[in-house]
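Undergrad: Now for the letters of each chain:
There are 2 protein chains.
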Amino acid sequence: MLLISNRRCQVPRVVVVGAGFAGLAAARALRRSGMAVTLVDRHVYSTFQPLLYQVATGGLNPGDVAYPVRAYATQHRAGFRRGAVVRVDTAARQVVLADGGRVSYDYLILAGGVTTTHFGVPGAAQHTFAVYTRGDAIAVRDALMDRLETVAESPDRRLDLVVVGGGPTGVETAGALAELCDTGIRAAFPEIARDRVRVLLVERGEDVLSGFHPSLRRYAVRQLRHRGVQVRLGATVAAVEADRLCMADGTTVPAELTVWAAGVAAADQVRDWGLPQGAGGRILVGPDLRVLGEDRVFAAGDLAFDPQAPMPQLAPPAIQMGAHAAGQIERLAAGLGTKQFRYRDKGNAATIGRSAAVIELPGLVRLTGPIAWLGWVGLHVVMLLGARNRLSTLLNLAWRYLSRPYGRNLIVGDSPSRLPIQEAA
Amino acid sequence: MLLISNRRCQVPRVVVVGAGFAGLAAARALRRSGMAVTLVDRHVYSTFQPLLYQVATGGLNPGDVAYPVRAYATQHRAGFRRGAVVRVDTAARQVVLADGGRVSYDYLILAGGVTTTHFGVPGAAQHTFAVYTRGDAIAVRDALMDRLETVAESPDRRLDLVVVGGGPTGVETAGALAELCDTGIRAAFPEIARDRVRVLLVERGEDVLSGFHPSLRRYAVRQLRHRGVQVRLGATVAAVEADRLCMADGTTVPAELTVWAAGVAAADQVRDWGLPQGAGGRILVGPDLRVLGEDRVFAAGDLAFDPQAPMPQLAPPAIQMGAHAAGQIERLAAGLGTKQFRYRDKGNAATIGRSAAVIELPGLVRLTGPIAWLGWVGLHVVMLLGARNRLSTLLNLAWRYLSRPYGRNLIVGDSPSRLPIQEAA
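Sequences listed follow chains A and B, in order. Residue 1 is where the first sequence starts when you use my numbering, and the numbers rise one by one after that. Residue 1001 is where the second sequence starts when you use my numbering, and the numbers rise one by one after that.
Heads up, some of the hints might be wrong.
[As the list claims (entries may be wrong)] Going by beta-carbon spacing under 10 Å, a handful of chain B positions derived as facing chain A:
{"hint": "1", "residue": "His1043"}
{"hint": "2", "residue": "Arg1082"}
{"hint": "3", "residue": "Ala1152"}
{"hint": "4", "residue": "Pro1155"}
{"hint": "5", "residue": "Asp1156"}
Keep in mind that the hints were calculated from the coordinates and are not lab data. Computed from a predicted model, the values in this text were never measured in an experiment. Every residue, glycine too, gets a C-beta built ideally from N, C-alpha and C.
Model the full assembly from the supplied sequences, consistent with the hints where possible.
TA: So, in structure tokens, the structure goes:
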């Protein structure tokens, strides 16, 4: 008995904070390690962020892009603890949670991701929506439906939908909004003439999709404009008011609904964790992904920042970083030294709308148009966690793109307007 | 031009308030009438209420049981106006909405349904959940997941889930909760021993499913008990506190989460409509479903009450009443008199859980067990609006019942607990 008890105590405890791409990859990599792995997340579900813009525009159910963390954990022989991290007690080797609980670790992986940042632009936090969390996306969807109903009730009103930021999220959201106007609104809102709804994409730089090859960037702008999106490049937002954007050049842009897709940074709470932070509040790591100054604490995914080798904040690096951190923990537990993280570029993809996407693969392979779009659909559906989610998402995406007019089958929620009889969303 | 304009003015305007079973049936019945039909609802979606308990227990997406009213309206040549009715101005023939708008009618059908009533039981409104609206069901689901996480974190805590009311909603909810405990919790919450979670069904009467034949009622109680539900009959709730029920016999029952499925009544706001009300605040109608004292105003569905011929508050009577009211409007517009509403009983069904349901058909046909259950599944999936919803629901139900352990694929949402980093559900 004593021997068994001793042995059980010697199993290293690995705590993984954050059930996103990096955290889940770490748990998966450790499933046969024999270590006691615990996933910690403030939500009971993991969100497939790349498709949140579809939830925001009524094409997918929130449940299609969310998967219970417990399901993933039990499948991979890990435990789950719901909780928000307020501090990392490196001396006691414990993660301190908001509910007062403490989770002890021998090795820790911090993979809690980042959140929307407004770069201090006045009014942006109050008057814009993000599409970075499941709750964000539901809020955009419900506000969008609410604005459309209001416009339908007032024949003289216009609706200006604005997306700030020309990265993949901004481009995909603007493209989906344009599709909504072109087919969905036409079908479901006969009261609203097409020219009463405008979609505008505002980007500070001289191009959208800056991570892609210039030819793909030009293709994306052409496709957006072809689909009715007004694209303003080199335009910086100076302030946001309730119904308009004030630009740095002194002009104003009407905006009844603004999606802020301009940037991400670590959550403010990370400041209290007591760990070194770099650009955007992200946690500073060395080449092996260990947090600077720490032996047993790793950071992975969007939250990790190595100034010598900054990574794009996308799913593929996050997955590779999570798996790398897990592998280094196995090495440390075996008494070996850590290895340097090396990113293997698997390519990058973004979609503009039906039959239009860009894909960039290593070796100068660049795809656009319907083939790239089909590749994008397949890639995202296969990457989705869980067979049920895959099937359900495929069904809903197929419905969105194969049925005409698709607006008839929008997934709609509660209107956030103040009606006298009202229940929770 | 003048002639056309005159003709257009002569098209009777029919306003249908409420996009539930009765309202949608009315709109469908009027689609070839040539009349100008407008559906009015406070939500932009129609909810398939019979499956809300599945949303509440994580088996279906909220979007699986909701369908955009505009989609239905445009398919049936009707218009849609979002709004909550605050008054019916019968003199001006206008429905007054909460946003100040007025919708003019020549004929009006009030089919806004009913809502949960707590019969004045102290604490019931504050401390219990309903499963009568989409928002209700989401709230139950999120609270349930939250309670389970809390119990998982505290090895010495128990969880008492209580359902008040033994009608179809109560029986179906209790059965689904028992299934969740038996398979879902076992799979996803290895920390929680089975005997730490209890499901209790409390019913005031001497039997559950009082609308069914006594042999079916006994079958339902047997099946519930077989599935681990404690059934307390002849038990009246006197008051509800945060964590327990106080019964009329002086005993108390621990209850961390209580679903109130004990009764429905017209919403309080209906009092302001200025129309005659009967039992449960429902609007009094004559045998032709016209509101008492009104020539052009009908009521249909749960909201309508004819003391001479009270109807069960179920989908089949609501659908038939909606269609009947529509037919009478066509007769009135053609200068004919109205006909009396006669309910054609098509039978009744309720499910207890996997492979267990009761079906009662006219002609003394009574079914129980797996065949009844398959009939119930088929009936509900076919009745669901929209091919996309049907497919998606079938997929999710199949997953729930064909995969073991199904808990791994629960549809989960946000925890309503107060965590420091929190976003909207």
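Undergrad: Are proline 1155 of chain B and chain A close enough, Cβ to Cβ, to be under 10 Å, as the hint says?
TA: With a closest approach of 12 Å, the proline 1155 of chain B hint is violated.
Undergrad: Against chain A, with CB atoms and a cut of 10 Å, does the hint on aspartate 1156 of chain B hold up?
TA: violated (14 Å)
Undergrad: Hint validation: arginine 1082 of chain B versus chain A, beta carbon distance must be below 10 Å. Holds or violated?
TA: With a closest approach of 4 Å, the arginine 1082 of chain B hint holds.
Undergrad: Quick check on the hint: histidine 1043 of chain B CB to chain A CB, less than 10 Å?
TA: Since chain A brings a Cβ to about 6 Å from histidine 1043 of chain B, closer than 10 Å, the hint holds.
Undergrad: Hold the hint about alanine 1152 of chain B up to the distance rule: shortest CB distance to chain A must be less than 10 Å.
TA: holds (8 Å)
Hint compliance for this structure: hints 4 and 5 are broken, all remaining hints hold.
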